[in-house]
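Enquirer: Sequence:
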Amino acid sequence: MRILIISESINVEDSSASKGRVALITNLHKAGYVLKVLHYSHKEIQLPGIDCTLIKEQKWTFFYFLSRLIRVFQRYTKQYINHRLESWFGFSFTHTNDTRSIAKAIRSAQDFAPDLILTLSKGGSFRPHRAMLQLPQLQSKWMAYIHDPYPFHFYPRPFNYVEQSYRHKEAFMRQITEKAQFLSFPSLLLQEWMQSYFPAVKGKSCVIPHQIKTDTELQPTPSFFVEHQFSLLHAGNLLQQRNPDFLIQGFLQFLANNPQAKGEAKLYFVGNYKKQESILKQYQDNPALVVSDYIPYKIVQSLEKKAAVNIILEAISEISPFLPGKFPNCVVSNKPILVLGPYYSEVRRLLGKDYPYWSEANDVAAIEANITKLYRLWKENPQELPLNRPDLTHYCDEKSLKKVLDGLSIA
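Taken in order, the sequence shown gives residues 17 to 427; the numbers are from the numbering used here.
Note that these hints are calculated values from the structure, not bench results.
All the given hints hold, so there is nothing to weed out.
Here are the simulated lysine-lysine pairs, DSSO-like style, with alpha carbons at most 30 Å apart:
#	residue 1	residue 2
1	K218	K418
2	K321	K389
3	K138	K321
4	K321	K291
5	K195	K120
6	K75	K120
7	K52	K138
8	K72	K52
9	K220	K195
10	K290	K278
11	K72	K120
12	K322	K278
13	K297	K322
14	K52	K75
15	K218	K415
16	K322	K395
17	K195	K72
18	K297	K278
19	K297	K389
20	K59	K314
21	K322	K415
22	K415	K52
23	K46	K72
24	K415	K195
Quick list of the computed label-pair ranges, beta carbon to beta carbon:
#	residue 1	residue 2	range
25	R173	Y310	20 to 30 Å
26	A187	L393	47 to 57 Å
27	G279	I426	51 to 61 Å
28	Q257	A187	20 to 30 Å
Glycine included, C-beta positions come from ideal geometry on N, C-alpha and C.
Could you put together the complete structure from these sequences and hints?
Expert: Here it is, written out as structure tokens:
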């Protein structure tokens, strides 16, 4: 199969989404497919053994001129008017110019003769998807990868909010679900969630989970990380909806109940923490808590493999249909995962209802109890505390990915 991939970015340092897209592209290559990647990363990037082409922004077009005019106006007047413009037109002029640039690149790449065209995006952008809506002659080959709920008023609480342009965004996603030949989602719960809003999802969808990337060499760990301790690691952005306070309270309660652990247990937060800075500042004098801002992705992967326990922290909610981008990294690290999230979540569904180290994200007593159980097992034998889930490793590898794609009815 020949697959033309249009990815908004393949720069693994710009977002967790891009890390996931690169892992997917890499595993498609490992699975034996012939790939051509068009990307809008704003800089030249090559992936080993894969044909990658940077899409260049069209300049001196009508929408390029309007986008720069608005940018200059906002810079000098300090009046942000993009939301109002989007309520009228659906999208910013920058977004429109970007999607036209991407559409032009897709047209130019048709000599590749793809069997499948896969669009990958990040955040709430979906620029490659909007570009494909401008190319009806290619939609019979189109697989739209929908990585998150969309639009924002269809997110579960507490993430949801209503944009001024919500009607345009809703119509936009409806077009994607109706026009694309195939739809793919990183989680089953997300597929079901989106199908409840867009009936066209039914019958044309598949689940492609975030992929394990196994060719990463261990990197030296940062000086703040102490190896061979009972280290609990939360790697990734602390979004506004991911409140770490209950986790910290549970950890400190564990230390209070287990004084012997004070010299050998640490809780690490690695990643952007600005949204939770006020909470973390309350504990800044506690030596058992270590907070670090962003560090390079390869080093984070090494930390995940050397930590005693990895943490997945989700929002306090009724449901979490998201599969966190770091989930496959946690699986391949083969360390226990302390899961803090809703009863109905994709992470808990995959780990199983009997997984022992899960609790609601605001249940301090349960968090403390799970940390204590993990600590006692670690004390018995620090080397024998594996996750031991080959089923999940296989679920996120290139063999399962190939099985999903080969099962599609591609003309």
